[in-house]
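With chain G's structure known, arrange chain E on it following the hints.
Number of protein chains: 2
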Amino acid sequence: MNFLEEKIVTDGIVKEENVLKVDSFLNHQMDIKLFEQIGEEFKRRFSDEKFTKILTIEASGIGIACITARYFEVPVVFAKKSKSINLDGDMYTAEVESFTHKTTNHVIVSKKFISEDDKVLIIDDFLANGCALQGLIKIVNEAGASVKGIGIAIEKGFQPGGKIIRNLGYRLESLAIIDNMDSTTGEILFR
Amino acid sequence: MNFLEEKIVTDGIVKEENVLKVDSFLNHQMDIKLFEQIGEEFKRRFSDEKFTKILTIEASGIGIACITARYFEVPVVFAKKSKSINLDGDMYTAEVESFTHKTTNHVIVSKKFISEDDKVLIIDDFLANGCALQGLIKIVNEAGASVKGIGIAIEKGFQPGGKIIRNLGYRLESLAIIDNMDSTTGEILFR
Numbered sequence: 278m279n280f281l282e283e284k285i286v287t288d289g290i291v292k293e294e295n296v297l298k299v300d301s302f303l304n305h306q307m308d309i310k311l312f313e314q315i316g317e318e319f320k321r322r323f324s325d326e327k328f329t330k331i332l333t334i335e336a337s338g339i340g341i342a343c344i345t346a347r348y349f350e351v352p353v354v355f356a357k358k359s360k361s362i363n364l365d366g367d368m369y370t371a372e373v374e375s376f377t378h379k380t381t382n383h384v385i386v387s388k389k390f391i392s393e394d395d396k397v398l399i400i401d402d403f404l405a406n407g408c409a410l411q412g413l414i415k416i417v418n419e420a421g422a423s424v425k426g427i428g429i430a431i432e433k434g435f436q437p438g439g440k441i442i443r444n445l446g447y448r449l450e451s452l453a454i455i456d457n458m459d460s461t462t463g464e465i466l467f468r
Numbered sequence: 278m279n280f281l282e283e284k285i286v287t288d289g290i291v292k293e294e295n296v297l298k299v300d301s302f303l304n305h306q307m308d309i310k311l312f313e314q315i316g317e318e319f320k321r322r323f324s325d326e327k328f329t330k331i332l333t334i335e336a337s338g339i340g341i342a343c344i345t346a347r348y349f350e351v352p353v354v355f356a357k358k359s360k361s362i363n364l365d366g367d368m369y370t371a372e373v374e375s376f377t378h379k380t381t382n383h384v385i386v387s388k389k390f391i392s393e394d395d396k397v398l399i400i401d402d403f404l405a406n407g408c409a410l411q412g413l414i415k416i417v418n419e420a421g422a423s424v425k426g427i428g429i430a431i432e433k434g435f436q437p438g439g440k441i442i443r444n445l446g447y448r449l450e451s452l453a454i455i456d457n458m459d460s461t462t463g464e465i466l467f468r
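Same order as they appear, the protein sequences are chains G and E.
Just so we're aligned: 307 in our numbering is position 30 of the first sequence, and the numbers increase by one with no gaps anywhere.
Just so we're aligned: 327 in our numbering is position 50 of the second sequence, and the numbers increase by one with no gaps anywhere.
Next comes chain G alone, as it looks inside the complex:
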């Protein structure tokens, strides 16, 4: 097990309906030393890539993205969630469905902050169905920029998001891929 898998086993809580609570260190309280290990590990895995920008989505992607950005020395842009579509044309937008909250949000990124020269590393805390990630990829493509890498902290490998993204040929690195978890025993099986 790597450092993140160990942390998940120690401090994560498996709930019913395939919910994994990691709010004590990842997406409510944030363990910054752990984030530094995550950033360092992304840097190691993508050491051959020259990114110009990191793109993430509010809110829980921001912390990991900012700490990771220190290792790549690039700025971070975070996509904002918005109920309304921006009509004045200065924003890239995508529709993103949330399975957890049973809602559809628009995510928006100002056109000023992604240009066609950008080589983008997308960072997020979780990958399950992959709707948020698909929205971010759409936005990068719309800008004429290229997605050179995707770094995810925790992937739920039993949900289809990661497989789809890999099938599409994107370079996706998930630091912990969960293939199975059991809310009665609390057991977690990593790939």
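It cannot be assumed that every hint is accurate.
With a Cα cut of at most 20 Å, we get these calculated EDC-like pairs of lysine to aspartate or glutamate [said to hold, decoys possible]:
(1) 298/G / 335/E
(2) 298/G / 367/E
(3) 320/G / 313/E
(4) 310/E / 317/G
(5) 292/E / 300/G
(6) 310/G / 317/E
(7) 310/G / 350/E
(8) 358/G / 367/E
(9) 388/E / 367/G
(10) 396/G / 308/E
(11) 360/E / 335/G
(12) 388/G / 300/E
(13) 320/E / 313/G
(14) 388/E / 300/G
(15) 389/E / 313/G
Calculated from the structure, these hints are not laboratory results.
Below, chain E without anything else, positioned relative to chain G:
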């Protein structure tokens, strides 16, 4: 002028109705090297305090809080915005009005992540009317913890938030306090 005031003068845009756009480096695209300077400066100003936790609010406070946390070696908790009040009693909640968006949100923090022993540093990117900040202070007080410091990147000194908080006796450090700005000339006057 300090480093942040210089950045605001160079890259900030003064809009009508006292709006300052700093989305190219602070709250949409994030300049991580600048955030490191901000974190270092908070560490210098609060060098005599022993914090146990940083509290911020989603979304644009998270980046600064995470980078600042590296200098204090403490975890970050971010308050979540929520349309609904959580009823099961495991959350601290506060009501926060947004003048920009003309809405009222609830902000929530899990009771697990602030305890009465905590000495809290509150971090946010902006202080204007201070509604968000008041909500965060309420939550810390409800937890029986103490607010030992408040670090703000940009304070709009011509709006009442900062004055109220200082009147209440809190130790508030704002790295750039704007006393006046003029959307016709683009001029910004710092305190």
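Evaluation of the provided hints:
Between residue 298/G and residue 335/E the CA atoms are separated by roughly 19 Å; this keeps the pair inside 20 Å, and the hint holds. For the suggested pair residue 298/G and residue 367/E, the alpha carbons sit about 15 Å apart, so the restraint of at most 20 Å is met. Distance hint between residue 320/G and residue 313/E is fulfilled; the C-alpha atoms sit about 19 Å from each other, no more than 20 Å. At most 20 Å may separate the alpha-carbon atoms for a hinted pair to count; residue 310/E and residue 317/G meet this at roughly 17 Å.
With a C-alpha separation of about 38 Å, the suggested pairing of residue 292/E with residue 300/G is violated against the 20 Å cut-off. The hinted pair formed by residue 310/G and residue 317/E meets the criterion: a straight-line CA distance of about 17 Å does not exceed 20 Å. Between the alpha carbons of residue 310/G and residue 350/E the distance comes to roughly 8 Å, so the proposed pair stays at or under 20 Å and holds. Among the hinted pairs, residue 358/G with residue 367/E is inconsistent with the structure: their alpha-carbon atoms are about 26 Å apart, more than 20 Å.
In summary, the hint linking residue 388/E to residue 367/G is not supported, as the alpha carbons are separated by about 40 Å, beyond the 20 Å threshold. For a cut-off of 20 Å, the pair hint linking residue 396/G to residue 308/E stands: about 17 Å separates their Cα positions. As the CA atoms of residue 360/E and residue 335/G are separated by approximately 16 Å, the hinted pair is consistent with the 20 Å bound. Between residue 388/G and residue 300/E the alpha-carbon distance is near 12 Å, which keeps this suggested pair within the 20 Å criterion.
Only pairs whose Cα atoms come within 20 Å are accepted, and residue 320/E paired with residue 313/G is accepted, the gap being roughly 19 Å. For a cut-off of 20 Å, the pair hint linking residue 388/E to residue 300/G stands: about 12 Å separates their Cα positions. For a cut-off of 20 Å, the pair hint linking residue 389/E to residue 313/G is broken: about 23 Å separates their Cα positions.
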